[in-house]
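> Read off the chains here:
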Amino acid sequence: MLLTVVDEQPGSLDTLGMARTIGTPVAAVAFGTAADGAKLADELVKHGVGTLHLISHELLTDYAPEAFGEALAQLIARLRPEGVIATGDDRGAEVMAQAAARARLPLATQCVSVTGGDPWQLTRIRGGGMLLEDAELTAATKLITVAPGAAGAAEISEVRAVDECVVEAFTPELAPELARTRVVARTTRGDGVSLATAEVVVSGGRGVGSAAGYAVLEELAGLLGGAVGCSRVATNNGWRPHSDQVGLTGTKISPKLYIACGISGATQHWVGCMDAAAILAVNTDPEAPMVTRATYAVIGDVHDVLPAVVAEIRARAGPRR
Amino acid sequence: MEVLVCVKRVPAPGAKVPLTEDAQDIDTRHLGFTIGPHEECAVEEAVRLVEAHGGHVTVLAAGPPEVAEQLRYALAMGADRGVLVDTGAAELDPEATAAAVVHAIRTLDAEPFDLVLFGNESADAGHYQVGIRVACELGLPIVGGIKGIDVDGAAGDRLRLRRDVATGVEVYEVPLPTAAAVKEGLNLPRYPTMPGRLKARKAQLLTIPFEPAAGGLRKVRLRQPHDDREAAIVLGHGAAAAPAVVDVLEELGAV
Ligand SMILES: Cc1cc2nc3c(=O)[nH]c(=O)nc-3n(C[C@H](O)[C@H](O)[C@H](O)COP(=O)(O)OP(=O)(O)OC[C@H]3O[C@@H](n4cnc5c(N)ncnc54)[C@H](O)[C@@H]3O)c2cc1C
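Those protein sequence lines, which keep their order, are chains A and B.
Residue 1130 in this note's numbering sits at position 321 of the first sequence, and the numbers go up by one each step.
Residue 544 in this note's numbering sits at position 230 of the second sequence, and the numbers go up by one each step.
Treat the hints loosely; a few may be bogus.
[Stated by the list, open to error] Stretch-level coverage of chain A by chain B, calculated; a stretch enters the list once three of its residues show a Cβ under 8 Å from a Cβ in chain B: (1) 862–876; (2) 993–1005; (3) 1099–1108.
Derived by calculation from the structure, the hints in this document are not laboratory data.
For clarity, every value in this text was computed on a predicted model and none was experimentally measured.
Where a beta carbon is used, it is the ideal one built from N, C-alpha and C, also for glycine.
Taking the hints into account, I'd like the entire structure generated from these sequences.
Below you can see the structure in the form of structure tokens.
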């Protein structure tokens, strides 16, 4: 049996497709109350999953990485599944690593494909997508997380709905001290355009030249309803806050359009923007990797090109814009 | 406050990531190395915490003897002591790395640490688990993705930890001793000063040899990702390209 960790997040059930490429039967596991379980079971029926193991405990009513991981480790000890598959978002990765550590099992993270058998043969991404690693995973129960975005790509071939998804309740034994790493407060971000979700990102690197130089990027982003991004050089120079940084150690984005201004295209930056549907590079160097790998390029100085683009947009919009 | 920071030596490739002939590693003959950016912020945070609250910063790196370079960089940033866990040249799987770090911490156990910092994931292998495995083995609490650390409580015996999530910010309050896995953006790391570098160059590192057993994840080979992008369409040069650019923006529905 394979267990897939699911929740109410959109895309969470995508991992079921990946699980089916490894083997069957596939059961689901989720954290939550009986009401959460009933709601998820209704969804799982459509996805052909006949069993949901529902982990409930008073220490699990808000996110707590240690308690979640311990609870999952206990369920693994109880069911002894062949493998457990979870989404590799921040929380999924953290809970699986906690479970792996507590169950003393190996864990392969950031997987993009897996072939069942013993050992499992898998491919995982390294360096945020810089390289692929083929690897073998040997364990009584094999734990993997799926690289964000990779699960949705797996062929979900002819899933037949089942009549019923049985909810099996599981109550772990959790030491009260595990509450020490529970969320105690939250703040919610304002509504403005965020780098992670913006459809257009106007991003600047060393070629922008100074903090003040970003004014024209801000102006263009404003006209396009987008967000401003930057390279690590801009962050390290104190030109932009780290929350603007695109790349391996910044934010990985997939906008419809990425406008890279004065950014050379080092791999650590590239892996953060390579999922953009289109990339426009503005750079003085026609040989810069960002220029050669972009969809469109303009060869020139950021501070010549961008003001002209802003003026052209305003001119086409008419005198009142 | 006694703080331990675990750092990794990682290659710093440019636009291309060359591989060795046996496809086991990045070919680093022509590359520089660096401390992982998450861990560089961890070192900076540790130095600031000790500047504010007293104590010492110990940096630890597991790997080949060359990790001394990254330990010395951390010493130049203001860490007090460097510990080199010599595990040889071959890359370790994450269980083996965790075992090496645990072994070293137990060897150093004379002064227990109040805080053990890790990077959230290494910049090269990115296994997302070494810090959690070490904390678990040592019975320490740990939270990952941390971008803010404040010492809290009247007795200064708790930490308030913040991390970014899709919807905003989550706050945790953990008792010391604790571990935390941090991300770049926690702070802006300082550049080492000249006197700092000179002192670091002369510092004695403590070397702990260790040969960990292999874990259950075995690397078979590395590969370059497939890239079938076509060459860019050059829209023009300088300001004169603006009309062509706006045509494209209109085509893409961006204006
Ligand atoms: C482990 C690790 C992690 C990293 N993580 C990240 C990350 O998350 N994000 C990130 O961005 N980087 C990251 N880096 C750094 C990365 O390797 C590069 O150093 C960085 O991306 C370079 O930034 P840049 O392109 O702005 O600067 P440069 O590489 O210096 O490029 C500047 C570009 O601007 C062009 N230019 C100069 N002047 C002008 C002008 N007036 N008009 C137009 N073009 C001009 C130049 O031709 C050049 O192409 C990481 C590095 C390491 C080792």
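> Indicate, hint by hint, whether the structure satisfies it.
Results of checking the hints against the structure:
no.: 1; hint: 862–876; result: holds (count 3)
no.: 2; hint: 993–1005; result: holds (count 7)
no.: 3; hint: 1099–1108; result: holds (count 9)
Violated hints for the displayed structure: none, as all numbered hints are satisfied.
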